[in-house]
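Enquirer: As a plain string of letters, each chain reads:
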Amino acid sequence: MSLKDVEVRGRKIEAVLLLAIILASTPLIIGFSLLTLSSFSKHMVTNFDPNSFKFTLINWVRFLEGRMAITGGVRISVINIILNTLIVALGVAFVTTLIGTLAGYAISRMNFRYRKQLLLLLLLLHAFPGSVLIVGVYLIYIVTMPSNPEFIRYYSLFYVVIARAALEVPMAIWLMKGFFDLVPWEIEWAAIVDGASRIKVWWKVMLPLVKPGIAAIMLFGFLAGWQDLIYVRTFLQERTLATFIEANLEAEYSHMPLLAAVATFYLLPTIVFFVTSQKLLLKVTLAGVKR
Amino acid sequence: MLYKLNNFFHKLYRFEALFFLIPALIIVFLFFILPVILSVYISFTPLKNWNIGKYLGEIVGFNNYYRFFYMIQHDPGTRSVFLTTIVFIAVTLTINVLGGLFLALATFFVYEKASAFIRTLWLLPRMAPIAVYSLVWYYFFHASRIGTLNSILLSIGLIDKPIDIGQKIIPWGPWSIIIFVNGLVGVSFGMIVFTSAINNIPKELVIAARVDGATNWQISRRILIPLMKWHILYVTTWQLLSLLTTYAHIFLLVKWNLVHRDYGTTWSLYIYNAAFTGTFDQGLAAAAGVILVVIGGVLGWITLKILGFDRMITRPRGDI
Amino acid sequence: MTGRYRAVSKYAVAIIVVVIIIVAIIAAVYMMPKEEAATPTTTSPTTTPTTPPKAIELTGDFEKDVVEVGKALEANGISEVKYSVWGAGDPNSVMRVYGIVEVAERINKIWEENGVNVRITITDKKYDADFKAQYEEYLSKQPLGQAGDFFVNSYVFISVLAKEGYILDITDYANKYSSLLEDFYSTLLDAMKYKGRMYGLPQDTEARPLYIRKDVAGCTGLDLSNLDEKVKNGEFTWSDVYNWAKQAKDKGCAEWGLVHRKGSAHPDLVQFIYAFGGELYDPDEDKVVIDKEAIYKWLYVEWKFARDGLLPEDIMAWDWAKQIHPTIVSGNTLFDIGGTWYWTEWQTKEYYTDPETNETRGLKPEEVKEWFYYTLFPAGESGKQPVTLSQPFAWMINSKAGQQNPKYDDLKELYHELAFLVIVKASDPDINAIHSIISSHLPVRKAAANLLKNSTWLDKLKNLEIDLCDEVKNAIKDIVEATVHSINAEFLANVGYMLEYTKFAPSHPVYPKVAEFFAEAVDKVLRGEMDPEQAVNYIIDKVNADPEIKAEVKIVGEIPSGWSFP
Numbered sequence: 001m002s003l004k005d006v007e008v009r010g011r012k013i014e015a016v017l018l019l020a021i022i023l024a025s026t027p028l029i030i031g032f033s034l035l036t037l038s039s040f041s042k043h044m045v046t047n048f049d050p051n052s053f054k055f056t057l058i059n060w061v062r063f064l065e066g067r068m069a070i071t072g073g074v075r076i077s078v079i080n081i082i083l084n085t086l087i088v089a090l091g092v093a094f095v096t097t098l099i100g101t102l103a104g105y106a107i108s109r110m111n112f113r114y115r116k117q118l119l120l121l122l123l124l125l126h127a128f129p130g131s132v133l134i135v136g137v138y139l140i141y142i143v144t145m146p147s148n149p150e151f152i153r154y155y156s157l158f159y160v161v162i163a164r165a166a167l168e169v170p171m172a173i174w175l176m177k178g179f180f181d182l183v184p185w186e187i188e189w190a191a192i193v194d195g196a197s198r199i200k201v202w203w204k205v206m207l208p209l210v211k212p213g214i215a216a217i218m219l220f221g222f223l224a225g226w227q228d229l230i231y232v233r234t235f236l237q238e239r240t241l242a243t244f245i246e247a248n249l250e251a252e253y254s255h256m257p258l259l260a261a262v263a264t265f266y267l268l269p270t271i272v273f274f275v276t277s278q279k280l281l282l283k284v285t286l287a288g289v290k291r
Numbered sequence: 001m002l003y004k005l006n007n008f009f010h011k012l013y014r015f016e017a018l019f020f021l022i023p024a025l026i027i028v029f030l031f032f033i034l035p036v037i038l039s040v041y042i043s044f045t046p047l048k049n050w051n052i053g054k055y056l057g058e059i060v061g062f063n064n065y066y067r068f069f070y071m072i073q074h075d076p077g078t079r080s081v082f083l084t085t086i087v088f089i090a091v092t093l094t095i096n097v098l099g100g101l102f103l104a105l106a107t108f109f110v111y112e113k114a115s116a117f118i119r120t121l122w123l124l125p126r127m128a129p130i131a132v133y134s135l136v137w138y139y140f141f142h143a144s145r146i147g148t149l150n151s152i153l154l155s156i157g158l159i160d161k162p163i164d165i166g167q168k169i170i171p172w173g174p175w176s177i178i179i180f181v182n183g184l185v186g187v188s189f190g191m192i193v194f195t196s197a198i199n200n201i202p203k204e205l206v207i208a209a210r211v212d213g214a215t216n217w218q219i220s221r222r223i224l225i226p227l228m229k230w231h232i233l234y235v236t237t238w239q240l241l242s243l244l245t246t247y248a249h250i251f252l253l254v255k256w257n258l259v260h261r262d263y264g265t266t267w268s269l270y271i272y273n274a275a276f277t278g279t280f281d282q283g284l285a286a287a288a289g290v291i292l293v294v295i296g297g298v299l300g301w302i303t304l305k306i307l308g309f310d311r312m313i314t315r316p317r318g319d320i
Numbered sequence: 001m002t003g004r005y006r007a008v009s010k011y012a013v014a015i016i017v018v019v020i021i022i023v024a025i026i027a028a029v030y031m032m033p034k035e036e037a038a039t040p041t042t043t044s045p046t047t048t049p050t051t052p053p054k055a056i057e058l059t060g061d062f063e064k065d066v067v068e069v070g071k072a073l074e075a076n077g078i079s080e081v082k083y084s085v086w087g088a089g090d091p092n093s094v095m096r097v098y099g100i101v102e103v104a105e106r107i108n109k110i111w112e113e114n115g116v117n118v119r120i121t122i123t124d125k126k127y128d129a130d131f132k133a134q135y136e137e138y139l140s141k142q143p144l145g146q147a148g149d150f151f152v153n154s155y156v157f158i159s160v161l162a163k164e165g166y167i168l169d170i171t172d173y174a175n176k177y178s179s180l181l182e183d184f185y186s187t188l189l190d191a192m193k194y195k196g197r198m199y200g201l202p203q204d205t206e207a208r209p210l211y212i213r214k215d216v217a218g219c220t221g222l223d224l225s226n227l228d229e230k231v232k233n234g235e236f237t238w239s240d241v242y243n244w245a246k247q248a249k250d251k252g253c254a255e256w257g258l259v260h261r262k263g264s265a266h267p268d269l270v271q272f273i274y275a276f277g278g279e280l281y282d283p284d285e286d287k288v289v290i291d292k293e294a295i296y297k298w299l300y301v302e303w304k305f306a307r308d309g310l311l312p313e314d315i316m317a318w319d320w321a322k323q324i325h326p327t328i329v330s331g332n333t334l335f336d337i338g339g340t341w342y343w344t345e346w347q348t349k350e351y352y353t354d355p356e357t358n359e360t361r362g363l364k365p366e367e368v369k370e371w372f373y374y375t376l377f378p379a380g381e382s383g384k385q386p387v388t389l390s391q392p393f394a395w396m397i398n399s400k401a402g403q404q405n406p407k408y409d410d411l412k413e414l415y416h417e418l419a420f421l422v423i424v425k426a427s428d429p430d431i432n433a434i435h436s437i438i439s440s441h442l443p444v445r446k447a448a449a450n451l452l453k454n455s456t457w458l459d460k461l462k463n464l465e466i467d468l469c470d471e472v473k474n475a476i477k478d479i480v481e482a483t484v485h486s487i488n489a490e491f492l493a494n495v496g497y498m499l500e501y502t503k504f505a506p507s508h509p510v511y512p513k514v515a516e517f518f519a520e521a522v523d524k525v526l527r528g529e530m531d532p533e534q535a536v537n538y539i540i541d542k543v544n545a546d547p548e549i550k551a552e553v554k555i556v557g558e559i560p561s562g563w564s565f566p
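Protein chains in written order, with the working numbering: chain A, 1 to 291; chain B, 1 to 320; chain C, 1 to 566.
A few of these clues could be false.
What the hints assert, rightly or not - Derived EDC-like pairs (lysine to aspartate or glutamate); straight-line CA-CA distance at most 16 Å:
no.	chain 1	residue 1	chain 2	residue 2
1	C	407	A	186
2	C	82	A	150
3	B	161	C	314
4	B	255	C	467
5	C	550	B	75
Hints are computed from structural coordinates only; laboratory data are not their basis.
This structure is a prediction, so every number in the text was calculated from the model and none was measured.
Let the sequences and hints guide you as you build the complete structure.
Expert: Encoded structure:
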């Protein structure tokens, strides 16, 4: 992979390149670190004034207590908010994976009428502006809203999950198709000849062979649901971490370091997933982008 | 009786693919095709405040389109949205493609562990929660002394008063911010695609060139880049479509007044804001949206043709 | 070959089963009976054996009415009424939400005492910092049936919400409670109306005084004794403000002469328009008014202050917590256009850096009193009147209030009547008084104002020895500790007179958009991007650019020539 074996240039060039990259990455590193630092400070640390950092844990304490202000404010259930974000993320992961593996298999293995057109359509969907789609999706939402108030909450959760998952589906299908394509036909053929139905073949034989693909889609789906702002603010009746941050900034009275604590917490799963699945992410995104 | 049924299902057999495809087909129809049709319908109604009972039955013809064009002519704010969209797409696209290329090539020439870390770091903007991402840049570009960028520039003496990039330096201030914010997200896409392309290039070519004493730049220019032509085209066209339609990452920056509203809003964001915030004018939003869909659709179709996807789609691997 | 047929049948069965399940689920969701299974009634109604009442006649006697409603609900088999409440604002104003919680408990007690077996439960208390954002959320979610049953927000949104039918018209109910209505300050009731009909009860209000730093004034030589009288008489005008601000800066007493609020969410700089004798709304034509002369003069004042370095050019982008408040609190400005709620905000938020200990803290009530003088917003020029601006908040009722409850379609009227009675009780003097003092807003009714003057009551409140349910007591405990003080009560009593001079920004659907244009224009003149005349024309161009806004706006007057300031 690297050129170490035949390296004739000095380490110098490599160091220069590295420096260039780090320089380009500085805003990123600074921005995110300052945010995390501020969550432990009495005041927001946004410049390099060392006086502005006064260590305190009160922001985290208040956050976990569910209070949006240092004095006053209504006690909210932070657990609920975090749970809602989690449910959306898991829901999107599940739906995307399910549909992606099902459709990806069929497209990879079966020749049906309009197969090519379907694949091209999936690509073309990328050109549909999300903000226009969401207007229509919202109209459907209003029209199909159940009138029984018991169900409104669940329906909004259900709807936000499938609406958000829908955005990831085209890419998921292409990705899974790519993975299924790599599996040798012979294995499948053997199972079918033995009398297994297509579904059984899919479930018992194929899925285990494309585990990295499934892991990738679940990961992407989860992160897509976890990070989402627009769909949860538009459809979900409940609060998630995203809408919570949105609603509490830039009003006259918010206490910013509190918000920094919320944001840092919100960022954690992303970082965790990153660190643990570095290899998987890169390997899979590389493999998925197949011709 | 059973025989007739079986016969019927025998014909269905050809459609066993349907079982696997139905969920995807339903989803695509319900969340892509149908919404576009509905948006077209909405654009012909005076829908506002989502009061569908009151407004959805009324047809006002092309009134919303007329209003939209009227505002483009008379309202400098709406005109700016157009200009912003064009500049935003052009510049961010260049940054995304070139940036992705630079990162992919640079990490190729740098030792393995560092490149893995760098690639992961640059995926962060794309993966981070949007609200958190926006908060980071809100404080970075804040107009006063407390803004990170301002305090850096102040401390090295480049400026003597804090500058309000997002609201004061029109139009390049807000443009730079939204380009920067979206650029960081977009670069990762190119980086990934190009890295994969480079990995597919036979190492012998590179090693041979190295042995002949070629510099990194020569290797890139003579060997790597020419072999990545399709990928470069793919990233360019794909990102073009993405940039035309993206709005989530700048939504909060505009809402929080970090950037000037007219020069920080792209067409796509304009549509969302018109429908769900501010004036709650869904009819107008739909009209502006339908036009964007047409443009997007045409560009998308051209993209598919250029990239030759239809030629690349081979027959499926195994069918009985 | 047979294997394939077997596979086919399996497929067929699978598809059919899945389809049937999906259809069944959809059918179940939509055809689910909306009422619950019949709840066993514990007491058999001794009254009419025929249909139980679907509505009652309000009499104006609160206890009687609420018991009647309770009995009617019970007769219909209801034992629990669920309501949710949405409120917004600063962290000290949580009584906007907890007030309803307290009322629920009070009503439950009355019902218990009268043998009515029903309870009100508050299911959701939503409280956001940004009230405008919550209004937008209400607008999206109400048609879906997802919005709160009670909506406590600015009166400014009443016009749109009423027009779309998203809030309840309570005129007929309110007319039965005329004695309550008479105790409210009458201008506030006007703000609750749209096209003559009433859509809410006043929850609170405030004034926006001009704060003056006593220490900076002393340094500058500005004599503050009786200044508020001079402002009231129109003797002290904005020309005087300018002159003193300039002197303060020239003598080095303060870095700035004037600081004010920012952003378009609170376009209360329109006080300038009123101070120059202009109008913003024409009630006969129901149109927003652009008064070119008054607006020109307003923008001219802003422009002049900024050009002479007395007002920060970029103040419209200043950060509340890091710049605006610290500047005022540390005496870096002579004048400040602020709000009455600043008085306690400076005590509960840590804006002040103590020069001796270098720690940041809130101010003590004594310090606030010692350092700040307050007057009405002065007249623009001689011959004009001083003003202030209020943005009252209102208790509003969702037109779908009670939607969470069984038999909603059938008993709608009862749920609505009960909701109205809830906001009547929320207007109890003690609830209003508690809210006023802990959040430094002004009371909306005379009975509440009287309570605030009662020092015994204040002492009891300070020790939390008042009649509140535990949940509310716990919630406001720390705010009470920080804010209940005789100095603060005195302040509220002292600013009460401002309500007689107060104006309201128009509650008209296009006004918020026009207000945004104002904010943009102010920003441009402050930064020197436009001069006042250009800015006035900018506003007019923006108004004319959207045909829908243009139709609802009336432009009057001319830009005066040869007008000078100060």
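Enquirer: Does each hint hold? Answer for all of them.
Expert: Here is what the structure says about each hint:
1. 407/C - 186/A: violated, 62 Å
2. 82/C - 150/A: Holds. Residue 82/C to residue 150/A sits at ~12 Å (cutoff 16 Å).
3. 161/B - 314/C: holds, 11 Å
4. 255/B - 467/C: It is violated: about 42 Å lies between the C-alpha atoms, which goes past 16 Å.
5. 550/C - 75/B: holds, 12 Å
In this structure, the earlier hints numbered 1, 4 are contradicted, and the remaining ones agree with it.
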